[in-house]
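Colleague: Going down the list, the sequences are from chains X and D. The opening residue of the first sequence carries number -8 in our numbering; numbering runs sequentially from there. The opening residue of the second sequence carries number -4 in our numbering; numbering runs sequentially from there.
Heads up, some of the hints might be wrong.
[Unchecked claim] Computed Cβ-Cβ distance ranges for the label pairs, DEER-style:
hint	chain 1	residue 1	chain 2	residue 2	range
1	X	20	D	136	29 to 35 angstroms
2	X	54	D	136	27 to 33 angstroms
3	X	20	D	65	40 to 46 angstroms
4	X	185	D	112	30 to 36 angstroms
[Stated by the list, open to error] Simulated coverage check for chain X against chain D, where a stretch passes if three residues somewhere in it have a Cβ under 8 angstroms from a Cβ of chain D:
hint	stretch
5	127 to 134
6	236 to 242
In short, the hints are calculated from the structure, not lab data. All C-beta atoms, glycine included, are put in the ideal place defined by N, C-alpha and C.
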Amino acid sequence: MHLIAAFLASIGRGFIAFATATGRLALFTGPAVSHCFAPPFYGRVVLRQMVEIGYYSLPVVGLTALFTGMVLALQSYTGFARFNAEGAIANVVVLSMTRELGPVLAGLMVAGRIGAAMAAELGTMRVTEQIDALTTLSTNPYKYLIAPRLIAGVLVMPPLVLIDDVIGVMGGWIIAVYKLGFSSGVYLHNTVNFVQFNDVFSGLVKAAVFGFLITLMGCYHGFHSRGGARGVGQATTHAVVSASILILLSDYVLTELFFAK
Amino acid sequence: MTARTPKIRLAGVRKSFGAKRVLEGIDLDVPAGESLVVIGGSGSGKSVTIKCILGLIRPDAGRIEIDGDDVTNVRGARRDAMLRKFGMLFQGSALFDSLPVWQNVAFGLIQGRGMKRNQAREIAIEKLAAVGLGPDVGELSPAELSGGMQKRVALARAIAANPEIIFFDEPTTGLDPIMADVINDLIQTCVRRLGATALSITHDMASVRKIADHVAMIYDGRIVWTGTAAEIDASGNPYVDQFVHGRAEGPIRMQVRSI
């Protein structure tokens, strides 16, 4: 009987902790988003964040896309060759990249790079009282620290993913043409003919949503960081893990919305 | 506002964090143009008191007045207006790592008050000079400065907007005695020049003797003694005596385990 009570209590504690965390996140997200639409706007800070999130993530996101496109072409060839359907490689690569792998892999890479950096920066600002200092200097921390990061994340992720899509397709093209002996013209023709506006558009919408989630998680965990270096380390881990999970979860939801019949 | 209205008044301010009660009913008046220093041991509630006044921490009960206005739970534009009266020097300086020194000093002017960058830069250099730092320091990053220089920059930032009230949170912590005395002198000079009201918290008695007009002793979340700086050595209060003389024996019990 005692064991059952302890088991039920542990479930209850877990549920309360989940409800508390959800409530705190909602209380953080509301003002964070509302400050994105109300002046003053810190244009310089937004631009700096756009460069940080977009431009400096290009190498890592580009490399990921390049090798993903190459692997996709190789693996598709291995499978499709059994059914004499090698011609579908271009279609598989472009569809996989634009709809799923482009936005999801870029999102996960940016979550690791930017989400962690944001949580560490804001966490350090919190424990060294820099966020309190902002308030005493008549500057709203939500407006100066959080809103510019959210705006930059939403604006910069779609173009980053678009470049990522192009590099991924190029990776597939390199393998198809230089390793598997496909005609360059036919491969590109198949790619352009098969891909539809909705394939690319859905990927860009996903990118914007992922950009929001990555920056929101980085800011939320950093902003609520407590307890010195250990707290900052925990905030960084939580930011990356929670952003990654939310990316995969929202990817499924958005795919259902866009493509479910 | 009458002539007797204190610049800052705290009445019955209480604050707990979970089961831990930090402030148990703080009553304190700071007259306009005076320098009040709150002394007390670590964890006695000094920093929480200041953060409650600034609205960084919300008190559970009690009333906080600035110039006779109740600002206990003030929000929005009224809070912004209230905060414009304040300057604050944080214990760890709290300079923004990502900005050069002059932008740190000018931050409140540019971001908080919408001043043009060139004009704010001139004021920043003027304030840096007031704390004994040259314009070349303005181009450095805070990480390139020593602890004493960081404190000076933080002081320049605190006075940049000519505030009516300045808070000093442990202004000499972590500094050698000579640099601590330099900072105390600067605090004294800057506060007098501005005609500001100052509220400092410290456990450095050299600071108290240098910068205080009045002193209040906080213990266990309550103010246990107030008096002038001249009275502190003959207060007749056992808490103050123990603190001033730094004795382990006395009514103040530190929370340490016996070996």
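Colleague: Hint by hint, say whether it matches the structure.
Modeller: The hints, checked one at a time:
no.	hint	verdict
1	X/20 to D/136: 29 to 35 angstroms	holds (33 angstroms)
2	X/54 to D/136: 27 to 33 angstroms	holds (31 angstroms)
3	X/20 to D/65: 40 to 46 angstroms	violated (31 angstroms)
4	X/185 to D/112: 30 to 36 angstroms	violated (52 angstroms)
5	127 to 134	holds (count 4)
6	236 to 242	violated (count 0)
When the structure is compared with the earlier hints, violations turn up for hints 3, 4 and 6 and for no others.
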